[in-house]
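Now for the letters of each chain:
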Amino acid sequence: MSRYAVNSLLYRLKKDQDFRARFETDARAALAGLDLTDAERAAFEARDMRKINELGGYLHLVMSVPGLAAH
Amino acid sequence: MGKIVFAGAMSHVLDPDYYQRACGDDGRQKVTACMAEIARMGERFTATRPDALIVVADDHLNAFSFNAVPALCVRIGRTVQRMKQDHAEAFDAVLDHMPEEYPLHEDLANQILEKGLDAGFDLAMSWEAPVDHAFLSPVNTMHGTRPIPPLVPIWVNSFVAPQPTPRRCFDFGRHIARVVAAGPWKVGIIATGGLSHFPELSLLRVGETDTVFDRKLIHWMEAGKHEPLRNLGVDELHKTGEHEFLNWMVLLGAVTPARAQVRYFGELPRINLAAVEWSLS
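Line by line, the protein sequences are chains A and B. Per our numbering, the very first residue in the first sequence carries number 11; after that it's consecutive. Per our numbering, the very first residue in the second sequence carries number 259; after that it's consecutive.
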């Protein structure tokens, strides 16, 4: 688990509207080349914010990424 | 000689619609009551004819990316902007109707920063970081349509481990008090956030609070017993969902040994709402 990789990705999803649109269109392609574990990659591809939080994603990010936020 | 003329601490998501969605009618009713008390605190603050308002709050991974996460950061410059978030969700949406720019008290901020470095506090500084709901929700609730005095925003890293210790935050508050006392200004200080919510920052535990721990903190603040508060551990705050109490610790250092008066305390499943004011001599 990489706290940095997971959270920098969440931060980018929150703040970078273009990247978020690419992720929403094709998550696998948007995540290509990122330094994620298989579990982290699977959680993001599944938009599973609960799992992402369990894997170290900060709560305030998983609750506030537009369109993906858990409440 | 300068003086801290007002000190208050309060929850910082102050939005009836947010709590209606999160907690139903009870949420709306309680946050509305809490906001009314905070507005009255704001009226008392304005009546002191202050020169500046120090706002001690935390960043919700908005202003600071994982490029750098400062333990303690002073916002310097002449103005500060409201954080903007496209398609804002949850607590970010609270900001949408608020003014976009606020004046800063440049001299006071610079003195806190520069004298802090001299005193051994390795403070970060920012000319650009925007402020989110943690700063602006209380400030706007306090002032309503009245003018807001120049601000000194100060961030405490409440969430990204390793955080500064409660003792360090308290000691930084003592530093702020010394700077204010040495200056010519009448200054208010607020700390925002809390009380207990989001224990362990776990999504599974959203909806849990720790009222027993909240009441213990309140008891110590009311009694002016600051030593047990200084001895709190960051792990303890993490487990109980009191992360943002680090902001309150800075305020406590600034006003010690003053005693707190609770203006509002209300239990909700999502968070225990609070508004507290200190009696200053």
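No lab work stands behind these hints: they were computed from the structure. Model, not experiment: these values are computed from the prediction. It cannot be assumed that every hint is accurate.
Listed below are several chain B residues computed to face chain A (Cβ distance under 10 Å; list not exhaustive) [unchecked claim]:
| id | residue |
| --- | --- |
| 1 | N325 |
| 2 | A346 |
| 3 | F349 |
| 4 | L462 |
| 5 | V464 |
In this text, a Cβ means the ideal position worked out from N, Cα and C, and glycines have one as well.
Hints versus structure:
no.: 1; hint: N325; verdict: 9 Å, holds
no.: 2; hint: A346; verdict: 7 Å, holds
no.: 3; hint: F349; verdict: 7 Å, holds
no.: 4; hint: L462; verdict: 7 Å, holds
no.: 5; hint: V464; verdict: 7 Å, holds
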